Amino acid sequence: MTEKVLMKGNEAFAEAAIRGGARFYFGYPITPQSEIPEYLSRELPRRGGTFLQAESELGAVNMAYGAAAAGGDVFLSSSSPGIALMQEGMSFLCSSEVPVVILNVSRGGPGIGGIQPGQADYFQATRGGGNGDYKLIVFAPASVQEAIDLIYEAVPLANAWQNPVFILADGILGQMMEPVRLPEPRPFLEEKDIRAKKPWALTGYGGDDSGRRIVKSLRMQPDELEAHVEKLFRKYERAQKELCRYESVGIEDADIVFVAFGTVSRIARESIDLLAAQGIKAGLIRPISLWPFPYAAFDALGKKTKLVISAELSMGQLIEDVKLGVNGRYPVALIHRTGGMLPTSVEVADKARQLYQDIIKG
Amino acid sequence: MTKLSGGGPLQASGGSARPSGGEAVNGTPYIRPFGNRILIVTGHYGSGKTEFSVSLAMRLAAEGRRQRWRRYPRLALVDLDIVNPYFRSRERIEQLEEAGVRVYGGVYKTEITAELPELAADIRTPLEDKGCRVIIDAGGNDAGAKVLNQFKKYLTSEDAAMLAVVNFNRYETRDIAGAVSQLGAIEDITGLPVRGIVGNTHLLRKTTAETVIGGHLLARALCDKTGRQLWCDCYPQALIPREALRGVSGYLMPLGLYMRPSWLDK
Chain A
0 MTEKVLMKGN EAFAEAAIRG GARFYFGYPI TPQSEIPEYL SRELPRRGGT
50 FLQAESELGA VNMAYGAAAA GGDVFLSSSS PGIALMQEGM SFLCSSEVPV
100 VILNVSRGGP GIGGIQPGQA DYFQATRGGG NGDYKLIVFA PASVQEAIDL
150 IYEAVPLANA WQNPVFILAD GILGQMMEPV RLPEPRPFLE EKDIRAKKPW
200 ALTGYGGDDS GRRIVKSLRM QPDELEAHVE KLFRKYERAQ KELCRYESVG
250 IEDADIVFVA FGTVSRIARE SIDLLAAQGI KAGLIRPISL WPFPYAAFDA
300 LGKKTKLVIS AELSMGQLIE DVKLGVNGRY PVALIHRTGG MLPTSVEVAD
350 KARQLYQDII KG
Chain B
0 MTKLSGGGPL QASGGSARPS GGEAVNGTPY IRPFGNRILI VTGHYGSGKT
50 EFSVSLAMRL AAEGRRQRWR RYPRLALVDL DIVNPYFRSR ERIEQLEEAG
100 VRVYGGVYKT EITAELPELA ADIRTPLEDK GCRVIIDAGG NDAGAKVLNQ
150 FKKYLTSEDA AMLAVVNFNR YETRDIAGAV SQLGAIEDIT GLPVRGIVGN
200 THLLRKTTAE TVIGGHLLAR ALCDKTGRQL WCDCYPQALI PREALRGVSG
250 YLMPLGLYMR PSWLDK
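Protein chains in written order, with numbering that gives the first Met the number 0: chain A, 0 to 361; chain B, 0 to 265.
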C-alpha cells in the first residue's frame, strides 16, 4: 500500500486495473469515463502493457475476447451507451468462460441519453443485455477506494471464476476526487505463467501435453448446449453462495431501511443523519454485489421496521431485487431521480419521512 | 461604504497602478499583491483550480464592494474548462453573480452538462474590457490549458499573469519532478510562462495542518528549483484554524469548499 494520494475516480480505476495485473486494454472514449483510456494510453505502454483504441465498442469487446481467450488479463471500460454495444460480446465471454474485467461508468439513458450519472443500467448488468442464459458477476462500489479494491480484486476473481467480472460505477464516482491508497502492483502474466495458470487458454498447440485447446460459444447439438448451460449454472449457483456482499448500517432497530448502491448510498447516509435529527431512525442496506444479489441481508430486519425504501437513479430497477429480498414482509417504496439528476439528501429525507408518516397513519 | 477594520483600500481612486488583490479586509494578506488585470489559473486535474478561482473571485468581489475599486469596477470569472464534464465553476453561477462576479463560459451557460467543447463568443467581453478584472479558470492539465491559445492576444505580459495550482497529494504531481513536468507541459502548450505557484496540497476533507504545511514546503522547493514566485498557499478554512498554520511563511488563502457537495464525503 502506498501513502494516501488524491485521485480522480477514472484515473484511479485505470491505475487499479494496471496494478491488478490487467496488461491489455481495448476501448473507445465516451464521457464520463474518457480519462480511463486517456490514462491507459499513456501508462500501459510505459509499463509493458498494450493499449489499443478500437474503432468502436463492438470492436473493443471482441478484441478483449480474443486477447483474453489467449490468456491475457484484459480490462475493458465504457459508459452506458458503449456498454450497450458490448452486450453481445458479454454473452460470448460468459458462454466461452473467458475472464475479462469490465467497468461501466454509467450515465443517463435510454439511448444516447446524457452525460450525467445514472443507475438505469442495473437490469442490463444484472439480468444480462445479451442473449441466452448467462450471468455477469457484478459489483457496485460506493467510493473511489472501494472501486480500486474491487477492480484490483476483479482480475484474479475473473480468472478464478472464468467469467467476466463487471464493475458498475457511475459518472459521479468516475469524476469525483477522493484520497485513496493504491495496492501493490501485481506483475503482468508472461506466456509461461499463462500456460501454467490458464490450462484452457489458447497459447498455441504443442510445447506441452495439454492437448488441443478450444474456446467457443457455438454448440450446434442441443444436448451439448443444454449440458454446457447447466454447467454454467452450477457455477452461478456456487457464486450465489460465495460472492454475495453487502454492507448494512443500523438496520436492526430502524423505522425505515434504505436500500441503495453506489453514489446514492452516500446521499442516503446523509439523509439518515437528517432523519435522526427528526427522531426517525433509518438504516441502510448497501448491496456491493448486485449479482449475486444479497437477498439474505433482508433477513436481519427487525419488528420495528415499517418501511423499506429503494433509492436509485432509475425509474425503479433495484426495487425489483429489494422486493425479492423483502419477500412481502415489509412495504417497499421507491425514491428516485433519473436522467442524470441526483436527489439531494434533504429531498430523500423529506420523501422518506412523508412515506413513513403515511404508513404510521395507516 | 463599510469602514475597514484594517488594511487600506486595494485600489486607490483615480486608477493608480498600485498592486491589488492582495489584502483581506482584516488586514491579513492572503495572496501576493498583484497588479495584473487578468489572472489565469491553470494546474493539474483536481489540483483545486476551480475551488481556488471561485474562492478568489468571491473574495475579490467582497473587497470590490467594500472598497469601490475605480480601476477595475467590474469582476468576471471566465470558465474555460471544456475538458471536465462535472464539477465546473459554471455550477456556481448563481452564487457568484449574486456576489457581483459575472460568469462567462459556454454558449449554453445554463446547460452545464452539455458535452460540447464550445465557448461563448462573449468570453471576449471581459477580456477586452480594461475596467474588468478577470480570473480565468482554465481546464485541467495541458489538454485543458490548450484553449487559452485562442485568447492569447489579450494575455499580454503586462495585463495577465498565469498561475499554476499545485497539489502534491495528486498522484501525478506527488513530487517536485511530477510538478515540474506538469508546469512544463502547460507552458509548452500555451506558450505562456507560469508566473506564480499556488500551493494547494490537500486531501479534501481529510486535509490536516500537516498536509498544508508539508505541501507548503514542497511548493517552496518547487519555486526555488524553477525560479517561480509562491503566490500563496491555500487551506480549507472549515477544517483547519489559521493558527495551526503558523509554520507556513508567506501568504495563506482560506478556501471555502464551494464545489464539493457534503454527501460526497459520506
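Hints in this document: simulated from the structure, not taken from any laboratory.
Quick caveat: nothing in here was measured; it's all calculated off a predicted structure.
Just to be clear, a hint being listed does not mean it is correct.
[Claimed, not checked] If you want the footprint, here are the derived chain A segments under chain B, 3+ residues with CB under 8 angstroms: (1) 169–183; (2) 259–268.
[What the hints assert, rightly or not] In silico DSSO-like pairs for lysine-lysine, Cα to Cα no more than 30 angstroms straight-line: (3) Lys280/A with Lys145/B; (4) Lys3/A with Lys224/B; (5) Lys145/B with Lys224/B; (6) Lys3/A with Lys265/B; (7) Lys215/A with Lys134/A; (8) Lys302/A with Lys234/A; (9) Lys303/A with Lys265/B; (10) Lys145/B with Lys350/A; (11) Lys3/A with Lys134/A; (12) Lys265/B with Lys302/A; (13) Lys215/A with Lys234/A; (14) Lys303/A with Lys230/A; (15) Lys205/B with Lys3/A; (16) Lys280/A with Lys224/B; (17) Lys265/B with Lys305/A; (18) Lys240/A with Lys322/A; (19) Lys240/A with Lys303/A; (20) Lys322/A with Lys224/B; (21) Lys196/A with Lys230/A; (22) Lys191/A with Lys215/A.
[Claimed, not checked] Distance ranges between label pairs, derived from CB positions: (23) Asp187/B with Leu323/A: 52 to 60 angstroms; (24) Arg123/B with Lys322/A: 54 to 62 angstroms; (25) Asn148/B with Asp357/A: 57 to 65 angstroms; (26) Asp192/A with Glu242/B: 53 to 61 angstroms.
We put the CB at the ideal spot given by N, CA and C, even for glycine.
Task: Distance restraint evaluation - Asp187/B, Leu323/A, Cβ atoms, bounds 52 to 60 angstroms - done: With Cβ atoms ~57 angstroms apart, the hint holds.
Task: Hint consistency between Lys3/A and Lys224/B [alpha-carbon to alpha-carbon, up to 30 angstroms] - done: Roughly 25 angstroms between the alpha carbons, so the hint for Lys3/A and Lys224/B holds.
Task: Lys145/B paired with Lys350/A [C-alpha distance capped at 30 angstroms] - done: violated (45 angstroms)
Task: 54 to 62 angstroms as the expected CB spacing between Lys322/A and Arg123/B, which holds or is violated - done: Holds, since Arg123/B and Lys322/A (Cβ atoms, about 56 angstroms apart) stay within the stated range.
Task: Proposed proximity, Lys234/A with Lys215/A (alpha carbon, max 30 angstroms) - done: Given pair Lys215/A, Lys234/A holds - Cα atoms ~18 angstroms apart, limit 30 angstroms.
Task: Hint consistency between Lys205/B and Lys3/A [alpha-carbon to alpha-carbon, up to 30 angstroms] - done: holds (10 angstroms)
Open item on the list: Need the status of pair Lys3/A, Lys134/A: alpha-carbon distance at most 30 angstroms?
Closed with: Distance ~35 angstroms between Lys3/A and Lys134/A Cα, so the pair is violated.
Open item on the list: Looking only at beta-carbon atoms, does the pair Asp192/A, Glu242/B fall within the given range of 53 to 61 angstroms?
Closed with: The hinted range 53 to 61 angstroms holds for Asp192/A and Glu242/B, with Cβ atoms some 56 angstroms apart.
Open item on the list: Against the 30 angstroms threshold, does the CA-CA distance of Lys191/A and Lys215/A hold or violate the hint?
Closed with: Cα-Cα ~23 angstroms, so holds.
Open item on the list: Tell me if the straight-line CA distance from Lys240/A to Lys322/A falls inside 30 angstroms.
Closed with: holds (20 angstroms)
TODO: Take a quick look at whether Lys196/A and Lys230/A sit within 30 angstroms of each other, Cα to Cα.
DONE: At roughly 21 angstroms apart (the allowed maximum being 30 angstroms), Lys230/A and Lys196/A satisfy the hint.
Task: Hint consistency between Lys215/A and Lys134/A [alpha-carbon to alpha-carbon, up to 30 angstroms] - done: Holds: Lys215/A and Lys134/A sit about 17 angstroms apart, inside 30 angstroms.
In terms of the numbered hints stated before, the structure departs from hints 3, 8, 10, 11, 14, 16 and 20, listed from lowest to highest.
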